[in-house]
Amino acid sequence: MSVVAPSPRLGWRLLPAVVAAAAAVVAASLAIAAVRDHPAATAVRRAVAGRPVTAAVVAKPWRIATFSVGATVVPERLSRPARRRLEAQKPRVRRVARAVAHAVTLAPPDGPAGVGRFLTAAAARSFARTAPGLPKNARDVTAFDRFGRIGLQAPRFDTAVAHLHVKTRALVGERRARWNDTVTLWLTRRERAWKVIAFDIDRRPR
Amino acid sequence: MIKRALVVLTVIGLTTSATSLMGVPNAGELLVGRVHGSFQPTDGKMFVLVIGNDARSGNPTRSRADAIHIVGINTGAMRGGILNFPRDSWVPIPGYGMGRINEALHHGGPDLLARTLETLTGIHLDYWVMVGFEDFVKIVRSLGGVRMNVPTAVYDPIGSGARLKAGTQKLLGQQALAYMRTRKSFSGGDVTRSTNHGRFLLALLRKLKGETARNPAALLRWIATTQRHARFDVSADEMFRLGVVATKLQPKHVGNVTVPVSVGWAGAASVVFISNDAGSIYARFRRTAQL
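Taken in sequence, the protein lines are chains A and B. Note that the first sequence covers residues 1 to 206 in my numbering. Note that the second sequence covers residues 1 to 291 in my numbering.
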């Protein structure tokens, strides 16, 4: 009878390989987490039925000009409280516009729920139904330019229109593709929260 | 995709009516109100009564209506129609018997005119918009004029003061008002004038589309311009939503139809009788909000 027992010396010999493998797994998961969490790079999982796509998206930061529109368009002529309101709302409306435009053009990480809180019920339904985002089988996606303008209605600053552009390149199948997205968002502020009541997207190849 | 997003014009609990507008409005002022207490969109359809009154002074809600139109919008299909009514149309006015349709405004303000039209057509109206001479001129001027096609030359120096060549041209405030008022220079008289009002509304829509296509925030400028000259019985949020709907409408998908009429007499009064054929137009408009 012979029993084949692992030699204790073999275990010690495998230790470096095990440690290296574990380190690689940890590094990979950290890298994935970094990609997912980094504001300029998003792991996009397309959960549209029949079209599961995973693509890493590298996106340049937004350049957005925000200004007042309406009765008094020159900020200096706004009353002090109105100017304060404008300055308070600028980052809030920008944040919502950025998030929704990102989701519309570069696919939402978790379907519409990711930006659902920024959409009215009707807009969310439209978002879910139309499933905008990246083309099927897109990879190596780079949104290499993202810019736009947001007009806030003076003097109350509770309605806004955002007009945003995203220029993207990617490999779609084996083909290198470039396209421009123009997103228009109509937003209202109710109960201190900005919501998109309607949106429009115009996608054109370059 | 925008269509579905626009279908829902949320109900905001406004239960006011024309009488709740603060104080008595000025002649010529633009007034916007709800026909019914709450807005109940029916299958993605919306109907707006557009009134042009002839008030030069006093309370415009007790003046006579020179322009009467129902604008229908199908928010699902993003199509619409403008149904024009000549002001001398002889119709039943609820509580006042038969009369010219423009008298309804004098008897009971926009609400009675809306009720008259609802009874006549069976269309459920959602909003009314009324404007007088003065603010019409101011609004058109603030918007920088309206470019439109004038099908035939107009020369009416005594009546409205209109002197326009045929063809596409930009109408500024007073010119636009003169074109809207003139009827004696047309063989069709008031019927042609009603059709011209519809043409003007379409030109206005075309201008809004053009400006917002270049810069969507232009909608906010339009709303601000309107607000400067208007009293709203609807919330700013609701106005914004209506504006968004308007920017998505294609003028070529909005029909402009004047109800078929025949000229006649009611006693000593010269009036127009709405033809029985109008029934099918009402039915189609009621069903689809398109013409």
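Source of the hints: derived by calculation from the structure; they are not laboratory data. Being a predicted model, the structure only gives us computed values, none of them experimental. Don't be surprised by glycine CBs; every beta carbon is placed ideally from N, CA and C. Honestly, I wouldn't trust all of these hints.
Claimed, not checked - As a list, the in silico BS3-like pairs of lysine-lysine whose alpha-carbon atoms are at most 30 Å apart: (1) B:Lys170 with A:Lys167; (2) A:Lys90 with B:Lys209; (3) A:Lys195 with B:Lys184; (4) B:Lys170 with B:Lys184; (5) B:Lys207 with A:Lys90; (6) A:Lys195 with B:Lys209; (7) B:Lys207 with B:Lys138; (8) A:Lys167 with B:Lys184; (9) B:Lys248 with A:Lys167; (10) B:Lys248 with B:Lys184; (11) B:Lys248 with B:Lys170; (12) A:Lys136 with B:Lys138.
Stated by the list, open to error - Where chain A lies over chain B, by a calculated footprint (3+ residues, C-beta under 8 Å): (13) 102 to 113; (14) 150 to 160; (15) 184 to 193.
As the list claims (entries may be wrong) - If you only want the chain B side, here are some residues facing chain A, beta carbon under 10 Å, derived: (16) Leu172; (17) Gly173; (18) Val234.
Hints, one by one, checked against the model:
At most 30 Å may separate the alpha-carbon atoms for a hinted pair to count; B:Lys170 and A:Lys167 exceed this at roughly 37 Å. With a CA separation close to 26 Å, the supplied pair A:Lys90 and B:Lys209 stays within the 30 Å bound. The straight-line distance between the Cα atoms of A:Lys195 and B:Lys184 is roughly 51 Å, outside the 30 Å bound, and the hint therefore fails. Distance check on the hinted pair: B:Lys170 and B:Lys184 sit about 22 Å apart at the alpha-carbon level, within 30 Å; holds.
Only pairs whose Cα atoms come within 30 Å are accepted, and B:Lys207 paired with A:Lys90 is accepted, the gap being roughly 29 Å. At most 30 Å may separate the alpha-carbon atoms for a hinted pair to count; A:Lys195 and B:Lys209 meet this at roughly 23 Å. At most 30 Å may separate the alpha-carbon atoms for a hinted pair to count; B:Lys207 and B:Lys138 meet this at roughly 16 Å. Restraint check for A:Lys167 and B:Lys184: the C-alpha separation of about 56 Å exceeds 30 Å, so the hint is violated.
Among the hinted pairs, B:Lys248 with A:Lys167 is consistent with the structure: their alpha-carbon atoms are about 24 Å apart, no more than 30 Å. A threshold of 30 Å between alpha carbons decides the hint, and for B:Lys248 with B:Lys184 the separation of about 36 Å lies outside it, so the pair is violated. Under the criterion of a C-alpha separation no larger than 30 Å, the hint pairing B:Lys248 with B:Lys170 is consistent with the structure, at around 23 Å. For the proposed pair A:Lys136 and B:Lys138, the alpha carbon gap of about 52 Å is over 30 Å, so the pair is violated.
For the segment 102 to 113 of chain B, the stated coverage by chain A is not satisfied: 0 residues place a CB nearer than 8 Å to a CB of that chain, which falls below the threshold of 3. Counting residues of the segment 150 to 160 of chain B whose beta-carbon sits less than 8 Å from any beta-carbon of chain A gives 0, not enough to reach three: the coverage restraint is violated. For a cut-off of 8 Å, the count of residues in the segment 184 to 193 of chain B with a CB near a CB of chain A stands at 0, and the three-residue condition is violated. Proximity of B:Leu172 to chain A is violated relative to the hint, the smallest CB-CB distance being about 22 Å (cut-off 10 Å).
Proximity of B:Gly173 to chain A is violated relative to the hint, the smallest CB-CB distance being about 19 Å (cut-off 10 Å). Below 10 Å, beta-carbon pairs count as interface contacts, and B:Val234 has none with chain A, the closest being about 14 Å; its hint is therefore violated.
Violated hints for the displayed structure, listed by number in ascending order: 1, 3, 8, 10, 12, 13, 14, 15, 16, 17 and 18.
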